[in-house]
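Enquirer: Listed below, chain by chain, are the residues.
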Amino acid sequence: MKTVKIPSDIDFKNGDKIYLRLAEEISQNDEVTFDLSEVKLNSVTKAVLRKLCNNFPEKVSLPDDIEKEVNYIRDDESQFEEKESVPPQFFIRVGEYVYALYGKAIFFFVIMVDMIYYSFQFLFNKKFVLKHDTTRNAYYIGYKAIPIVFLLAFLIGFTIALQAAIQLAKMGGQTYIAMMSTMIMTKELGPLITAIIVAGRTGSSITAEIGTMVVMEEVDALKTMGIKPFKFLLVPKFWAFTLVMPVLTMIANIAGITGGLIVSTIYNIPVNAFITQMLDSLLMKDIFWGTVKSISFAWVILAVGSFKGLNVKGGADAVGIATTESVVVSIFMVVALDAIFSIILYT
Amino acid sequence: MLRVENLTAGYGEEIVLKDVSFSIENGERFVVLGESGCGKSTLMKAIVGLVPPFSGDIFFKESKIVHPLPEESDFYQKIGILYQSSALITSLTLEENVMLPITMHYPEFSLKTAKDIAGEKLAMVNLYKAKNKLPQELSGGMKKRGALARALVLDPDIIFFDEPQAGLDPVTARELDLLFIKLNEQFKTTYFIVTHELLSIRRSAQKVLMLADNKVLFSGTYEDALKSDIYKVKRFFNVDKYSKDV
Numbered sequence: 000m001k002t003v004k005i006p007s008d009i010d011f012k013n014g015d016k017i018y019l020r021l022a023e024e025i026s027q028n029d030e031v032t033f034d035l036s037e038v039k040l041n042s043v044t045k046a047v048l049r050k051l052c053n054n055f056p057e058k059v060s061l062p063d064d065i066e067k068e069v070n071y072i073r074d075d076e077s078q079f080e081e082k083e084s085v086p087p088q089f090f091i092r093v094g095e096y097v098y099a100l101y102g103k104a105i106f107f108f109v110i111m112v113d114m115i116y117y118s119f120q121f122l123f124n125k126k127f128v129l130k131h132d133t134t135r136n137a138y139y140i141g142y143k144a145i146p147i148v149f150l151l152a153f154l155i156g157f158t159i160a161l162q163a164a165i166q167l168a169k170m171g172g173q174t175y176i177a178m179m180s181t182m183i184m185t186k187e188l189g190p191l192i193t194a195i196i197v198a199g200r201t202g203s204s205i206t207a208e209i210g211t212m213v214v215m216e217e218v219d220a221l222k223t224m225g226i227k228p229f230k231f232l233l234v235p236k237f238w239a240f241t242l243v244m245p246v247l248t249m250i251a252n253i254a255g256i257t258g259g260l261i262v263s264t265i266y267n268i269p270v271n272a273f274i275t276q277m278l279d280s281l282l283m284k285d286i287f288w289g290t291v292k293s294i295s296f297a298w299v300i301l302a303v304g305s306f307k308g309l310n311v312k313g314g315a316d317a318v319g320i321a322t323t324e325s326v327v328v329s330i331f332m333v334v335a336l337d338a339i340f341s342i343i344l345y346t
Numbered sequence: 000m001l002r003v004e005n006l007t008a009g010y011g012e013e014i015v016l017k018d019v020s021f022s023i024e025n026g027e028r029f030v031v032l033g034e035s036g037c038g039k040s041t042l043m044k045a046i047v048g049l050v051p052p053f054s055g056d057i058f059f060k061e062s063k064i065v066h067p068l069p070e071e072s073d074f075y076q077k078i079g080i081l082y083q084s085s086a087l088i089t090s091l092t093l094e095e096n097v098m099l100p101i102t103m104h105y106p107e108f109s110l111k112t113a114k115d116i117a118g119e120k121l122a123m124v125n126l127y128k129a130k131n132k133l134p135q136e137l138s139g140g141m142k143k144r145g146a147l148a149r150a151l152v153l154d155p156d157i158i159f160f161d162e163p164q165a166g167l168d169p170v171t172a173r174e175l176d177l178l179f180i181k182l183n184e185q186f187k188t189t190y191f192i193v194t195h196e197l198l199s200i201r202r203s204a205q206k207v208l209m210l211a212d213n214k215v216l217f218s219g220t221y222e223d224a225l226k227s228d229i230y231k232v233k234r235f236f237n238v239d240k241y242s243k244d245v
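Residue numbers (numbering that gives the first Met the number 0), protein chains in the order written: chain A, 0 to 346; chain B, 0 to 245.
Just so you know, the hints here were simulated from the structure itself, not pulled from any lab data.
Incorrect hints may have been included.
Stated by the list, open to error - The calculated lysine-lysine pairs, modelled on DSS-like cross-linking and capped at a C-alpha distance of 25 Å, are:
1) A/Lys-222 with B/Lys-114
2) A/Lys-126 with B/Lys-130
3) A/Lys-222 with B/Lys-226
4) B/Lys-132 with B/Lys-111
5) B/Lys-114 with A/Lys-126
6) B/Lys-206 with A/Lys-126
7) A/Lys-125 with B/Lys-60
8) B/Lys-63 with B/Lys-77
9) A/Lys-130 with B/Lys-60
10) B/Lys-17 with A/Lys-227
11) A/Lys-227 with B/Lys-206
Said to hold, decoys possible - Output of the computed footprint for chain B on chain A, the stretches with three or more beta carbons under 8 Å from beta carbons of chain B:
12) 30–38
13) 124–134
What the hints assert, rightly or not - Here are the computed distance ranges between Cβ atoms for each label pair:
14) A/Pro-146 with B/Leu-133: 23 to 29 Å
15) B/Asp-73 with A/Ala-315: 34 to 40 Å
16) B/Lys-214 with A/Ala-315: 55 to 61 Å
17) B/Lys-128 with A/Ile-147: 35 to 41 Å
18) A/Val-109 with B/Gln-205: 52 to 58 Å
19) A/Phe-11 with B/Ala-165: 54 to 60 Å
20) A/Ile-147 with B/Asp-73: 28 to 34 Å
21) A/Tyr-101 with B/Lys-187: 47 to 53 Å
22) B/Lys-77 with A/Tyr-138: 18 to 24 Å
23) A/Asn-271 with B/Pro-106: 39 to 45 Å
24) B/Asp-73 with A/Gln-120: 37 to 43 Å
What you are looking at is a predicted structure, and each value in this text was computed from that prediction instead of being measured.
Just so you know, even glycine gets a beta-carbon here, dropped at the ideal spot from N, CA and C.
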């Protein structure tokens, strides 16, 4: 019978190496006893001994007193036992995914309908909405967003006009910068840039606000105070969004066209000529549909932000995930809706 | 005041409470106790409708309550709830939080009078001077007191307390208990308290309901609970004596 000495200096640095050496030594002999005279039962030594006993049960055994210390009792595991689960088949997984998606779509639809219903009901019944909350929301959603909307729309308008001017100049068509800037901003980019900025800036904050309220039991508290959370939370935001988005879009249009004006002055086009051409290409129809689009985008951003916030389950990390998802989904839905508008209006 | 008969409730398909029955008299301090995860908070949430029960009957002042109730229901104006996290609306000051049930349910009500009522309730919980502070500027104990002021503002018939001492030091927890008791004796409002804090139970409980293994293990007066022969009840009140060593 071979005696294997268990070293006294097993630790986190050498534990794996010592285990391999001991395992090799044991595997080369038929019967083995441990020399535990110098052993220090720290966590790593105990783990090495457990592993050796588990892997060579017929060759090694530990004295009772050592075994008692080395093998911990796992008597509480029963409460964490999970049911034996068979991985669901492909079609079942697809079915479950579609069913969950259907549930979410229904909930989103309910939020959208409730939001619009309660918002118009608010015009006749002011109950469940805080005074001045619409103004406060309009201030944060609209007024505070003016600088960033103006700056980004100006830069995008400037860049697009510059790129276009370079190409138009080759054909002597730089005089069309005004028309191009006006049309592209009022028809497409004005509402779209504004919606993307608002989705990133305000949509995320709505999700974070409502999500935190869910986690902190504030939404439950509203319900049990007899206050409709949808109405309390969404109606002021709905009206703030509805009033403020067209204004922000108008600011984005002006900023983008101003970018075009700067480019046209670089190409020696007189300001008067630019303004005349801009007014000629400015159609009421485009401004009207731009406003309709901006309001639709606003409602989508609000509904997605609220939907993601109200669906938060868990803690702070869940709020973070929901906020990210809210921005991604809002921007996707805004772009998709814009594409639908384009198909309807311009084809 | 409140009668619950054969209430079964849970989450999804999981049953947390099965056939729970009890009744609470007017003005009573009724404490629901039990180990963590036994369903104390679920029972409270089932009664108020946050977790609609699977089956069973709830009678409030002899009227049957069928959940889910619409938020406008009178039931929600006759109850107050003190949540574990206090659940004060963080964007509103303490005074606005306390006024919230008035301004929401009675928008035509004079704002000045609503402020006066909120001030009275805040004074009752010694928070009058903090009325213009936001919840995040308050300590844990102050938030709980503020939430109690809000729960009291519509003069409810019953107040539900969900682990009111959670996260508080023993001194603050004692002060809060004494405040609860003082207000209960002053206004005869019925209390439904969910807790597992022994000191708090000793101070507040008149009647107790102990839950274990999804059902009612004991129901009776606090004094009877102390004398009970049921092992889990004895262990709960004398945890060192009856628990195994670790």
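Enquirer: Determine for every hint whether it applies to the structure shown.
Expert: Each hint, compared with the structure:
no. : hint                                 : result
1   : A/Lys-222 with B/Lys-114             : 22 Å, holds
2   : A/Lys-126 with B/Lys-130             : 24 Å, holds
3   : A/Lys-222 with B/Lys-226             : 40 Å, violated
4   : B/Lys-132 with B/Lys-111             : 19 Å, holds
5   : B/Lys-114 with A/Lys-126             : 18 Å, holds
6   : B/Lys-206 with A/Lys-126             : 39 Å, violated
7   : A/Lys-125 with B/Lys-60              : 30 Å, violated
8   : B/Lys-63 with B/Lys-77               : 14 Å, holds
9   : A/Lys-130 with B/Lys-60              : 34 Å, violated
10  : B/Lys-17 with A/Lys-227              : 30 Å, violated
11  : A/Lys-227 with B/Lys-206             : 34 Å, violated
12  : 30–38                                : violated (count 0)
13  : 124–134                              : holds (count 5)
14  : A/Pro-146 with B/Leu-133: 23 to 29 Å : 27 Å, holds
15  : B/Asp-73 with A/Ala-315: 34 to 40 Å  : 36 Å, holds
16  : B/Lys-214 with A/Ala-315: 55 to 61 Å : 35 Å, violated
17  : B/Lys-128 with A/Ile-147: 35 to 41 Å : 40 Å, holds
18  : A/Val-109 with B/Gln-205: 52 to 58 Å : 43 Å, violated
19  : A/Phe-11 with B/Ala-165: 54 to 60 Å  : 38 Å, violated
20  : A/Ile-147 with B/Asp-73: 28 to 34 Å  : 47 Å, violated
21  : A/Tyr-101 with B/Lys-187: 47 to 53 Å : 50 Å, holds
22  : B/Lys-77 with A/Tyr-138: 18 to 24 Å  : 37 Å, violated
23  : A/Asn-271 with B/Pro-106: 39 to 45 Å : 55 Å, violated
24  : B/Asp-73 with A/Gln-120: 37 to 43 Å  : 20 Å, violated
The earlier numbered hints that this structure contradicts are 3, 6, 7, 9, 10, 11, 12, 16, 18, 19, 20, 22, 23, 24.
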